[in-house]
Amino acid sequence: MTEIKTPLDSEVVDNLKAGDRVSLSGVILTGRDAAHKSLVEAYTAGQDLPVDLRGQVIYYVGPCPAKPGKVIGSAGPTTSTRMDPYTPLLIRELGLKGMIGKGNRSQQVIEAMKEEKAVYFLAVGGAGAYLAKRIKKAEVVAYPEFGPEAIYRLEVSDFPLIVGIDCYGRNIYEEGKKKYRRMPSNA
Amino acid sequence: MKEICADEITKVVENLCVDACTKLGKDWWQAIDDAISHEESPLGKEMLQIIKENADLAASTGEAICQDTGMAVVFLELGQDVRITGGNLYDAVNEGVRRGYVKGYLRKSVVEDPLMRENTGDNTPAIIHVDIVPGSDLRIIVAPKGAGSENSSALKMLKPADGKEGVLKFVLETVEATGPNACPPMVIGVGLGGNLEKSALLAKKALLRPLGERNPIPHIAQLEEEILELVNMTGIGPQGLGGRVTALDVHIEVYPTHIASLPVAVNIQCHAARHAEAVL
Ligand code: SF4
Numbered sequence: 000m001t002e003i004k005t006p007l008d009s010e011v012v013d014n015l016k017a018g019d020r021v022s023l024s025g026v027i028l029t030g031r032d033a034a035h036k037s038l039v040e041a042y043t044a045g046q047d048l049p050v051d052l053r054g055q056v057i058y059y060v061g062p063c064p065a066k067p068g069k070v071i072g073s074a075g076p077t078t079s080t081r082m083d084p085y086t087p088l089l090i091r092e093l094g095l096k097g098m099i100g101k102g103n104r105s106q107q108v109i110e111a112m113k114e115e116k117a118v119y120f121l122a123v124g125g126a127g128a129y130l131a132k133r134i135k136k137a138e139v140v141a142y143p144e145f146g147p148e149a150i151y152r153l154e155v156s157d158f159p160l161i162v163g164i165d166c167y168g169r170n171i172y173e174e175g176k177k178k179y180r181r182m183p184s185n186a
Numbered sequence: 000m001k002e003i004c005a006d007e008i009t010k011v012v013e014n015l016c017v018d019a020c021t022k023l024g025k026d027w028w029q030a031i032d033d034a035i036s037h038e039e040s041p042l043g044k045e046m047l048q049i050i051k052e053n054a055d056l057a058a059s060t061g062e063a064i065c066q067d068t069g070m071a072v073v074f075l076e077l078g079q080d081v082r083i084t085g086g087n088l089y090d091a092v093n094e095g096v097r098r099g100y101v102k103g104y105l106r107k108s109v110v111e112d113p114l115m116r117e118n119t120g121d122n123t124p125a126i127i128h129v130d131i132v133p134g135s136d137l138r139i140i141v142a143p144k145g146a147g148s149e150n151s152s153a154l155k156m157l158k159p160a161d162g163k164e165g166v167l168k169f170v171l172e173t174v175e176a177t178g179p180n181a182c183p184p185m186v187i188g189v190g191l192g193g194n195l196e197k198s199a200l201l202a203k204k205a206l207l208r209p210l211g212e213r214n215p216i217p218h219i220a221q222l223e224e225e226i227l228e229l230v231n232m233t234g235i236g237p238q239g240l241g242g243r244v245t246a247l248d249v250h251i252e253v254y255p256t257h258i259a260s261l262p263v264a265v266n267i268q269c270h271a272a273r274h275a276e277a278v279l
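Chains A and B are the protein sequences, given in the same order. Residue 47 in numbering that gives the first Met the number 0 sits at position 48 of the first sequence; the count goes up by one each step and never skips. Residue 186 in numbering that gives the first Met the number 0 sits at position 187 of the second sequence; the count goes up by one each step and never skips.
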């Protein structure tokens, strides 16, 4: 288990290998489809962005509302591939270093990750209650009108992750599947 | 004629929404334990254990199992001798969904216009399917469905000549294409026959059958087993990280079809196989 703290720099990212177990602590930002679209549109129009992504990690999550006395509701990862059209720009132009989600990424995202040294982490999909317990603070910092799709600033402690795709393009999904595949030749 | 008050329907739907999003059925707990004991990959086993721990935590704290509490899919089996009083049936169900998603602090995940995409703010409207059946009961099933698994679903109008092999191939293709995206281990609902919309509805209904239960038609039951075995050889495994348990079960529902058709719909369900029911 590798313990790391945010923000991330290229040196930390360089040492993370696909399949590594990571325990992440510090501040991360949330962002889903609507926030990604708005960030990219604002950047393209030359406007100021509501958040600074340099060295940051974005968690693809749209949490449940917090119950009274709780920090946040259920908060597991959403499918990352929907963010793929926006991600290369976030990595290349805005300095994003890490992403947390579930599922595969496009080749364009992987290329950007390799060139700029960024990392893609996996959190356990559908384990929202389990993951929410490790979120210590949550506040909306941009786009409150998007409801669950707003950008939150989260403080996490020992957030359990797996390196899904590292900055060399190695992919745990491909490696894991290959290892356990037993398909009969006629299927 | 039995009378059922619309208010009562609202109250029951409200509670079912919360129950479904926070508690899984007995069959699920059995299936996850079986999966843990069968999984060969240590990482896969660990993923299954976290999934189980998460479900435990949700049941004991009332937090949602998954933050994607989905669109509320509501099946109503309405006895033909029932009369609904004091309001409109669909309004009563939607009001129950509205209240349930507020009361349970569940996520509101519905947008009004598919292209303009503005959140309706209360998770309505629900997707409501009504079957008129004999008798004087109203059976209500609430099955919240998240988008990760729903987006992985697919339908194809096969040719009759494609036969069983064609069905097998299409289900496998669908599962391989979704891989880790639908939070495996998944449950695979297959609708076979009917026409375009009938097969889709059958596939969704197939997900309501208890895990481990087979279709009563012997050759369909056999096909379920065959597909399950093949899916579990893909290597996708829990969370797609590699392993033996890609699916917890495969359920096929069938319906007569046209001489020239072989519709097949595959509705992928993630491990958060949520549904709750009540009879009025
Ligand atoms: S696929 Fe299922 S378990 Fe995964 S995030 Fe969506 S609703 Fe939750």
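A few of these clues could be false.
Derived lysine to aspartate or glutamate pairs resembling EDC-like cross-links, with alpha carbons at most 16 angstroms apart [as the list claims (entries may be wrong)]:
| id | chain 1 | residue 1 | chain 2 | residue 2 |
| --- | --- | --- | --- | --- |
| 1 | B | Lys102 | B | Asp18 |
| 2 | A | Lys177 | B | Glu175 |
| 3 | A | Lys136 | A | Glu154 |
| 4 | A | Lys132 | B | Glu52 |
| 5 | A | Lys36 | B | Glu52 |
| 6 | A | Lys132 | B | Asp55 |
| 7 | B | Lys107 | A | Glu144 |
Here are some chain A residues the structure puts well away from chain B; computed CB gaps all over 12 angstroms [as the list claims (entries may be wrong)]:
| id | residue |
| --- | --- |
| 8 | Val11 |
| 9 | Ser24 |
| 10 | Asp51 |
| 11 | Gly54 |
| 12 | Gln107 |
| 13 | Glu114 |
| 14 | Glu115 |
| 15 | Glu173 |
The hints are simulated quantities; they were obtained by calculation from the structure and are not laboratory data. Glycine included, C-beta positions come from ideal geometry on N, C-alpha and C.
Results of checking the hints against the structure:
Between the alpha carbons of lysine 102/B and aspartate 18/B the distance comes to roughly 11 angstroms, so the proposed pair stays at or under 16 angstroms and holds. For the suggested pair lysine 177/A and glutamate 175/B, the alpha carbons sit about 13 angstroms apart, so the restraint of at most 16 angstroms is met. A hinted pair counts as satisfied when its Cα atoms are at most 16 angstroms apart, and lysine 136/A with glutamate 154/A qualifies at roughly 5 angstroms. For the hint linking lysine 132/A to glutamate 52/B, the alpha-carbon distance of about 12 angstroms falls within 16 angstroms, and the restraint holds.
Taken as a hint, the lysine 36/A and glutamate 52/B pair is broken in the structure, with Cα atoms around 35 angstroms apart against an allowance of 16 angstroms. Taken as a hint, the lysine 132/A and aspartate 55/B pair is honoured in the structure, with Cα atoms around 13 angstroms apart against an allowance of 16 angstroms. The straight-line distance between the Cα atoms of lysine 107/B and glutamate 144/A is roughly 13 angstroms, inside the 16 angstroms bound, and the hint therefore holds. Even its closest Cβ contact with chain B, about 23 angstroms, leaves valine 11/A beyond 12 angstroms, as expected for a residue assigned away from the interface.
Under the 12 angstroms C-beta cut-off, the non-interface status given to serine 24/A relative to chain B holds; the minimum distance is some 19 angstroms. The claim that aspartate 51/A is not at the interface with chain B holds, since no C-beta of that chain comes within 12 angstroms of its own (minimum 26 angstroms). Interface exclusion of glycine 54/A from chain B stands, the closest Cβ pair being 26 angstroms apart, more than 12 angstroms. The Cβ of glutamine 107/A lies farther than 12 angstroms from every Cβ of chain B, with a closest approach of about 18 angstroms, so its non-interface assignment holds.
At the 12 angstroms boundary, the C-beta of glutamate 114/A stays outside the reach of chain B, the nearest C-beta of that chain being 24 angstroms off. Distance check for glutamate 115/A against chain B: the nearest CB is about 24 angstroms away, which clears 12 angstroms, and the non-interface claim stands. A beta-carbon of chain B is positioned within 12 angstroms of the beta-carbon of glutamate 173/A; the least distance is around 9 angstroms.
Against the hints set out earlier in the document, violations occur for numbers 5 and 15.
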